[in-house]
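A.B. asks: Assemble the whole structure, with the sequences as input and the hints as a guide.
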Amino acid sequence: MKNSVIFGTVAAAASLAAGLASAGTLDDVKAKGELACGVTTGLVGFAAPDANGNWEGFDVAVCRAVAAAVLGDANAVKFVPTTGKTRFTALASGEIDMLARNTTWTFSRDVDLKFTFVGVNYYDGQGFMVPKELGVSSAKELDGATVCIQTGTTTELNLADYFRSNGMSYEPVPIETNAEAQQQFLAGACDVFTTDASGLAATRATFENADDYMLLPEIISKEPLGPLVRHGDEQWGDIVRWTLNALITAEELGITSANLEEMAAGTNNPEINRLLGTEGDLGGMFGLDKEWAKRAIAVGGNYGEIFEKNIGENTAIGLARGLNAQWKQGGLIYSPPFR
Amino acid sequence: MSMADQKPTQSFNLGMLIYDTRYRAMTIQVVALILFMLGAAWLVNNAAQNLAALGKPLSFDFLSQPAGYDINQKLIEYTSQDSHGRAALVGLLNTLLVAFLGCVLATFLGVIIGVLRLSKNWLISRLMTVYIESFRNVPVLLWIVFAMAIFIESFPAPRAFRGDNATASMVLNDSVAFTNRGVYIPKLVFDNGSMIVVLVFLASLVGIWLFGRWSRKRQEATGEILPNFWIKLGIFFVPAIAAQLVMGSPISLAYPELKGFNFTGGLHLRNSLIALWLALSLYTAAFIAEAVRAGIMAISKGQTEAAAALGLRSNRIMQLVILPQALRVIIPPLISQYLNLTKNSSLAIAVGYMDITGTLGGITLNQTGREMESVMLLMLIYLAISLAISTVMNIYNNSVSLKER
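So the protein lines, in turn, are chains A and B. Mapped onto our numbering, the consecutive letters of the first sequence carry residue numbers 0 to 338. Mapped onto our numbering, the consecutive letters of the second sequence carry residue numbers 315 to 719.
Don't read these hints as lab results, they were simulated from the structure. Fair warning: there could be bad hints in the mix.
[Claimed, not checked] Computed list of lysine-lysine pairs in PhoX-like fashion (alpha-carbon distance at most 20 Å, straight line): (1) B:388 <-> B:501; (2) B:501 <-> B:573; (3) B:573 <-> A:139; (4) A:131 <-> B:573; (5) A:29 <-> A:77; (6) A:221 <-> A:29; (7) A:113 <-> B:501; (8) A:221 <-> A:139.
These numbers were taken from a predicted model, which means no experiment stands behind them.
C.D. replies: Written as structure tokens, this is what we have:
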């Protein structure tokens, strides 16, 4: 009797361990016929299911573009909601093929956690949100405040550093998901809610009385957010990296979802031709066909269109391009050339 | 083995390992053990290889690196510059705190509810049935989240206490504040000379114990019963209060005051601790109540009737006759309920309570990326806690179990 119990345990543990091994991610994804993409558990504008259960948002658009480039179908994505805590384990264990979950690119995540950040799709920084009736106008006045933080993020460490270097004390309230943070913050169980400024704006947009809350002017950290993959599979890393770059380059070259077909017929600009596959065979170099970038752009348009549609100034979230404008417009968004 | 003795000349051959009932059991066990060890070795090897392939060999160095994050409830000194190891220790103490408080309250409630469920009063026994069924049939995680939600939504925020037209006020002579961040109560401040008061108090505890022994002997010898409860209560309070007055009140109270964003000066019982504590206790109390009921019902009715025939009143029957015997039945399931409560406390992160799972298995794991090491340490720690609890409770169980002579 005892033996059978033991063998059961062994079998269960063995199947867990088997998940660790993985070879060519591109082949795996093609074989599965779908891309497993890790996203947030729900942050409007970045990744959240709409009323019909379809995921949409700024990060979701990256997943869909990669799926379109690799599989030819923007809907062949399995969205795996991850929390700040579970996301890295999910990626390291192979449960997801890529992570697009407003994740900050840091040294230790890149080097020690063995991930490859393929680029930056949003330049962000950590901010603070407070109710206006609190009467606070600067983060320097927050000595002794109770602060809600999403646990398992760089936010937690930035916050500790910021308060320590300014000689202030605070009471941290660690919270697992954005929804729980909203509940506590709205009920006044914490004075301040801190996370990336874009996340704060997105959260504030969902409040019933959004005007009663404000963001403090201080941005206390650099938070370059971008999609990431596991170390060790350079081909797959390249595919995700250059899909993102294709979206960015498309905006730079003026390729939009409206004129995509026209451009794909052939233009005078050799870079557009190389990108859209009418000249040369860039896609073949990493195991895709010639039209991979065209399909990626066709899903939601170029980087600028995706930005405007999901988090731009005309949406409830209302973020200005700011640092995230193209380099020609004074921003930091810059793609290496397609050559 | 008399059969075997009669034919000792038969020589041993390999087939006997399978066909001879004397050896077969041993053979099966040896084969199973070898297979099990092979399986375990394969698992360990597989994990080690995969970790090496990921470039993350097993290493516990991260425990001595600075943690970098803050923890709200800390029973020992801790800053964000301390090591991950110390952060884990802070979490461990938080786990032990909530487990201890939970076990005490769950036992207290469980015994009362279990006894009341057997009450002859229809209303009371039905109410207790409703309590037990509703608590033990809903997952404890939901109770924890529910308790926290009630806390956050029903109590006022600290800022409601501020200003001339404050909508909330402190209770008990302005000494206790119920807010949605927790309860702020006065805390004891120990000045010079308070050591003596504490010593007097400890001495009076010893006094209570000595008095109890003396009083029991006296009762056995003479049959007279002293008003034990009141005398013990007197010994508990009078000497300590006298010492406090004689020494010029060295122990004083610091009251919580609204200062800046929060109440300061008092003791802050965080909403996460209270919600987790209450939810775990109420949930586990329902199981303990059933164990208590089973224990009491295991004592034959003749015992009650015999005690009643001797002229004992019903509460004395319960105290002197039923419960001491019922304990033998109650304690073994009680041990497993204590273990359950302790393990369920790992759900603490749902309400942001920083227990060992929240520190070592949460933030530390996430910031260092050492999943394997952290989870193994966590399992070891919970194993050690559980084994310690069951050892202590088994010693107690042996002390109350039936001594056969």
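A.B. asks: All hints, please: hold or fail.
C.D. replies: Right, here's what the structure says about each hint:
1. B:388 <-> B:501: holds (16 Å)
2. B:501 <-> B:573: holds (16 Å)
3. B:573 <-> A:139: Status holds; Cα separation ~17 Å.
4. A:131 <-> B:573: Holds, at roughly 19 Å.
5. A:29 <-> A:77: Given pair residue 29 of chain A, residue 77 of chain A holds - Cα atoms ~13 Å apart, limit 20 Å.
6. A:221 <-> A:29: violated (36 Å)
7. A:113 <-> B:501: This hinted pair is violated, its Cα atoms lying about 48 Å apart.
8. A:221 <-> A:139: With a Cα-Cα distance of about 18 Å, the restraint between residue 221 of chain A and residue 139 of chain A holds, given a limit of 20 Å.
When the structure is compared with the earlier hints, violations turn up for hints 6 and 7 and for no others.
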